[in-house]
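K.L.:
Chains as they are written, first to last, in numbering that gives the first Met the number 0: chain W, 0 to 134; chain Y, 0 to 134; chain X, 0 to 134; chain E, 0 to 134.
Treat the hints as calculated values from the structure; they're not laboratory data. Please read these numbers as outputs of a predicted model, since none were measured by experiment. Check before you lean on any hint, since a few could be wrong.
Below, simulated DMTMM-like cross-link-like pairs (lysine to aspartate or glutamate); rule was C-alpha separation at most 25 angstroms, straight line [as the list claims (entries may be wrong)]:
no., chain 1, residue 1, chain 2, residue 2
1, W, Lys101, E, Glu46
2, X, Lys98, W, Glu46
3, W, Lys115, Y, Asp51
4, E, Lys124, E, Asp73
Residue strings, one per chain:
4 protein chains.
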Amino acid sequence: MARKRFVWKDRVRIYDTDSQGIVHYAGYYRFFTDAFEQFSRSRLGVEFPMLDNNIWFVVVESNARYYAPARLGDDLRTSVSVTQAGRKALRMSFTIYRKGTKICDGTLVQVAIDSKLWRAVEIPKTLAIRIRKNA
Amino acid sequence: MARKRFVWKDRVRIYDTDSQGIVHYAGYYRFFTDAFEQFSRSRLGVEFPMLDNNIWFVVVESNARYYAPARLGDDLRTSVSVTQAGRKALRMSFTIYRKGTKICDGTLVQVAIDSKLWRAVEIPKTLAIRIRKNA
Amino acid sequence: MARKRFVWKDRVRIYDTDSQGIVHYAGYYRFFTDAFEQFSRSRLGVEFPMLDNNIWFVVVESNARYYAPARLGDDLRTSVSVTQAGRKALRMSFTIYRKGTKICDGTLVQVAIDSKLWRAVEIPKTLAIRIRKNA
Amino acid sequence: MARKRFVWKDRVRIYDTDSQGIVHYAGYYRFFTDAFEQFSRSRLGVEFPMLDNNIWFVVVESNARYYAPARLGDDLRTSVSVTQAGRKALRMSFTIYRKGTKICDGTLVQVAIDSKLWRAVEIPKTLAIRIRKNA
């Protein structure tokens with residue numbers, strides 16, 4: 000699948016860090032979340048993770064690998080792409096760069112659910128088409 | 000008002016800290032929140048901050064003063080007491096100690112609301128009585 | 000003191016919210032922190048909260064009042080100004096607006112310290128001058 | 000490797016949740032972190048993640064799968080075990096249960112580093128022995 004990359008720029012904030020002087024490992028997921036939310040809004044035209052009152056996306060898997068520490072004030076670029084789009088689930092891949100060097104990558108898998116029944120449903124057609132165009 | 004103190008013990012965790020090597024200033028509110036939740040459960044017999052589907056408590060004011068930094072692994076004792084109980088609002092006071100020394104104190108003011116209308120309501124009678132007994 | 004306002008725009012993220020469907024009370028401090036950091040960088044020309052290896056700013060007081068809840072996706076504008084500048088301490092005031100309506104305001108008081116001795120020191124002259132110009 | 004399980008009990012707090020009414024996906028890592036810290040302290044006799052000023056553990060991989068949502072007030076049991084212990088790295092596995100049902104599992108991989116050089120080092124002998132005994 001040819002991937003159209005979307006890049007989200009942000010800086011490491013004091014609350015992202017911990018007393019090791021680096022971004023706390025779970026803190027990198029903030030960058031994934033923000034990058035996906037922004038991708039979602041600008042490329043897919045939907046609000047993440049609640050499309051409307053009925054259809055929500057919930058995360059069913061998360062993972063990240065950390066290659067180099069990020070520190071307070073570092074400018075990070077988070078690249079995001081849809082690497083797999085099923086009928087009900089989406090796999091998004093993320094890579095975080097600092098000055099061109101990859102420092103972290105990872106994945107989020109999200110499933111569309113009926114928010115009332117809390118049961119997996121198919122991704123709405125119009126959204127599925129926009130996802131394929133941006134994957 | 001004579002105050003019956005309730006104490007919540009917890010340790011500073013790595014995610015509470017920031018790259019200054021101390022608990023992030025906003026992180027102390029986690030200790031306030033946990034102490035109040037535990038006080039609420041064991042003394043008032045209610046689940047904080049949502050009593051049921053209709054009546055919730057929402058925070059309308061928070062403040063804290065920091066006297067000495069807390070660091071990773073520090074054992075903290077958070078004392079909590081109701082210092083003011085109105086018809087619709089509660090003022091809770093908190094003091095955080097490390098080895099007997101006060102390192103932080105502060106306040107949360109919470110208002111009972113109708114969760115559907117999002118409008119202030121009176122604190123339920125039975126709860127108001129229990130609050131007075133524990134204030 | 001005439002105040003020169005600086006405004007930081009950000010959106011409410013999913014991780015800012017809690018199960019009441021609104022921004023968690025302690026979550027508003029993220030907006031204060033980001034606004035101050037950005038003000039600091041663009042107006043004062045320094046990196047917050049660690050100027051260098053020796054001089055840091057630490058928060059000695061925080062407070063906020065909440066007038067209306069903010070929800071996922073809300074666009075917020077956080078206005079920041081220095082309302083008091085002492086020899087060793089700074090008082091910053093914040094107001095958060097959504098579509099022109101004030102939903103939260105509050106204060107952070109920060110003290111300059113020698114990071115090695117962890118003792119209050121005077122704010123460096125050049126910085127003090129820039130602060131006065133921006134207060 | 001026969002695994003000796005260690006269990007950490009905690010409750011879902013309001014700040015763990017987001018506006019979907021469930022624990023935010025990145026919030027489960029708090030339970031992993033607390034469980035590992037507690038395991039580390041009571042079984043291995045060391046403070047996680049900084050053994051001393053020279054030897055720290057840093058996370059190089061994290062992952063989690065989410066099977067069912069956890070909600071405010073849920074009592075969770077987080078089981079932790081060392082599933083792989085190398086010369087320089089540790090793989091810890093976590094499973095989170097609510098009333099006997101698995102709702103989440105995942106892994107953290109941590110590497111021992113020299114905190115000054117920020118370079119991988121061997122896990123100290125005495126610790127390695129205690130790890131093997133508890134794996």
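K.L.:
Take the hints in turn and mark each one as holding or not.
P.N.:
A quick look at each hint next to the structure:
| no. | hint | in the structure |
| --- | --- | --- |
| 1 | W:Lys101 <-> E:Glu46 | 30 angstroms, violated |
| 2 | X:Lys98 <-> W:Glu46 | 19 angstroms, holds |
| 3 | W:Lys115 <-> Y:Asp51 | 19 angstroms, holds |
| 4 | E:Lys124 <-> E:Asp73 | 39 angstroms, violated |
In this structure, the hints that do not hold are numbers 1, 4, in rising order.
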